[in-house]
Amino acid sequence: MSYIEISNITKTFGNTIALDNVSLKLDQNKIYGLLGRNGAGKTTLLNLITNKVFPTEGEIKVDGESVVENDKLLSKMYFMTEKNLYPEHMTVKSAFKWSKEFYPDFDENYAKVLSEKFLLKNSKKIKSLSTGYQSIFKIIVALSCNAPVILLDEPVLGLDANHRDLFYKELLKNYSEKPKTIIISTHLIEEASDVIEDVIVIKDGKVIMNDSVEKVLLQGYSVSGTAVAIDEFIVGKNVLGTDSLGGLKTAYLLEKIDQTTIPVGLEVTKLDLQKLFIHMTNS
Amino acid sequence: MRLKSVIKYNISETKYRVLIFYGILAAIMALIGCSQIFLTKEDIISQSSGFELPTIIFLFVLGLNSFKQNYLFLSTNGITRKEQFYGFLISSIPIVAVMGAIDIAFGNILMQLSNYNSLFNMIYEGWVIDTAKPIIILVAFIWSTVLCLFAIVLGYFITTSYYRMSKMMKVIVSIGVPALFFNILPLIDSVFTNGKVLGWFEMLFISLAGLKNGYNPLTGIVSLLIGASVLAGLAFLLVRRAPVKE
Numbered sequence: 010m011s012y013i014e015i016s017n018i019t020k021t022f023g024n025t026i027a028l029d030n031v032s033l034k035l036d037q038n039k040i041y042g043l044l045g046r047n048g049a050g051k052t053t054l055l056n057l058i059t060n061k062v063f064p065t066e067g068e069i070k071v072d073g074e075s076v077v078e079n080d081k082l083l084s085k086m087y088f089m090t091e092k093n094l095y096p097e098h099m100t101v102k103s104a105f106k107w108s109k110e111f112y113p114d115f116d117e118n119y120a121k122v123l124s125e126k127f128l129l130k131n132s133k134k135i136k137s138l139s140t141g142y143q144s145i146f147k148i149i150v151a152l153s154c155n156a157p158v159i160l161l162d163e164p165v166l167g168l169d170a171n172h173r174d175l176f177y178k179e180l181l182k183n184y185s186e187k188p189k190t191i192i193i194s195t196h197l198i199e200e201a202s203d204v205i206e207d208v209i210v211i212k213d214g215k216v217i218m219n220d221s222v223e224k225v226l227l228q229g230y231s232v233s234g235t236a237v238a239i240d241e242f243i244v245g246k247n248v249l250g251t252d253s254l255g256g257l258k259t260a261y262l263l264e265k266i267d268q269t270t271i272p273v274g275l276e277v278t279k280l281d282l283q284k285l286f287i288h289m290t291n292s
Numbered sequence: 005m006r007l008k009s010v011i012k013y014n015i016s017e018t019k020y021r022v023l024i025f026y027g028i029l030a031a032i033m034a035l036i037g038c039s040q041i042f043l044t045k046e047d048i049i050s051q052s053s054g055f056e057l058p059t060i061i062f063l064f065v066l067g068l069n070s071f072k073q074n075y076l077f078l079s080t081n082g083i084t085r086k087e088q089f090y091g092f093l094i095s096s097i098p099i100v101a102v103m104g105a106i107d108i109a110f111g112n113i114l115m116q117l118s119n120y121n122s123l124f125n126m127i128y129e130g131w132v133i134d135t136a137k138p139i140i141i142l143v144a145f146i147w148s149t150v151l152c153l154f155a156i157v158l159g160y161f162i163t164t165s166y167y168r169m170s171k172m173m174k175v176i177v178s179i180g181v182p183a184l185f186f187n188i189l190p191l192i193d194s195v196f197t198n199g200k201v202l203g204w205f206e207m208l209f210i211s212l213a214g215l216k217n218g219y220n221p222l223t224g225i226v227s228l229l230i231g232a233s234v235l236a237g238l239a240f241l242l243v244r245r246a247p248v249k250e
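Protein chains in written order, with this note's numbering: chain X, 10 to 292; chain L, 5 to 250.
So that you can see chain X by itself, here it is in the shape it has in the complex (with noise of 0.2 angstroms):
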């Protein structure tokens, strides 16, 4: 049985259709990337899986009970959102502390090692810290709450390189140790697809895809080599996109690699996921 079983959800806004009749089915302890272009309704799904907003129509249960108004699913349920909702006054070292008091697993200790790896400074204020280091901290409470389900929406929003990949590897060491399930919601695809077990792709409040990364990595492949070679060997085939670089160029194919047909010459490595996306979401 899945952990969250989204079944039949519509969610309107006046005359605009954020999710239209969405079922989605999810496993405990999995990481899932929710993709989709600006405006597609993965903020909205987001929402209404935490009860933040009321489904028009369809139900979402996780663990067998609706999340509506409920207490106990909710405690379970950790949404770290893309904007700021804590109090202006509020610091970060405060917020740990009533973190610690709703939920009642939160580790402090671990928040305070995160901090300090992050270079964090709690004894600022929330409001005060850059769109980065906000991202920082609403990672560090996600992490350190140890619910069951963590949802992050943006969580690399004004992150540098070195904080993201920091992040990446301290969100696989956590899950590692304590697993959980996670759904990251990102448009860093080619980063977050190291990390991601499954991938659910949602377009104009529908979702188009729902898979595992491997397999729907194995639905194409890259090809590069000389311009010429590649152009000669895309030739009726199903091209997501092309990428050259000076006599080089690198092509990708949606369709079954079959290998005796790769001329010489023609390095073959994995689909890019970020390609795909890109091919599956414009309109």
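Simulated from the structure, these hints should not be mistaken for lab results. Treat each hint with caution, since some may be false.
What the hints assert, rightly or not - Examples of chain X residues lying across from chain L (beta carbon under 7 angstroms, computed):
#1 Y12
#2 D80
#3 D114
Unchecked claim - A few chain L residues that don't get close to chain X, going by computed Cβ distances all over 12 angstroms:
#4 S9
#5 C38
#6 A105
#7 T135
Note that the coordinates shown come from a computational prediction; the quantities given were computed from them, not determined experimentally. Note that beta-carbon positions come from the ideal geometry of N, C-alpha and C, so glycine has one too.
Let chain X serve as the given structure and place chain L on it in line with the hints.
Okay, now just chain L, sitting in the frame of chain X:
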């Protein structure tokens, strides 16, 4: 249930605001006290009254500021709307009780030291004259507490109403309600009904306050309690389906 944590958070958030409020109030009272001593020397009779009013206004404003910020923060921490609402109500009770008690204590001390009259004593003057002091203090405390509760719940109801309204509705209500009560209604009343509508409102207020047939503070207490309950019920209806607006 994380209701206890919500109550703890609400009280913690309010504690410093209440302390600052009483700090300012104490400074004002000291200033007035000094001026009274000075004026008495000049043989001018001075009187002060109604120090409960700032408390009521403070609690009304506190109610107005008790929703959005707390709602967003508590929702982020997975607290249900129902628990947030109960948390607000339960945490309000000790706050209004303490503030009501402080007001009564302040009032009684001031009455001993100066020519001071409390709001309760002024409204229920006839009842106060014929009643024993301990009973007056007890009833005044209950009345003051219930009035404070009404003020904070009224503020909470208004802020939750505004939270649920669309931008257009907010504009209509913000302009329409004051215009209705301060312009349209008095105009209609003076032109068409010869003051009967406002007279009816006045009588309603007098009856609810327990001043229709003599002085009855218990009627006032019951009216305020019913009023606070109705407002709390309406606020709950607004909160129970409130979306988190970022």
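Structure versus earlier hints, numbers of those that do not hold, lowest first:
Hint check: 1, 3, 4 fail, others pass.
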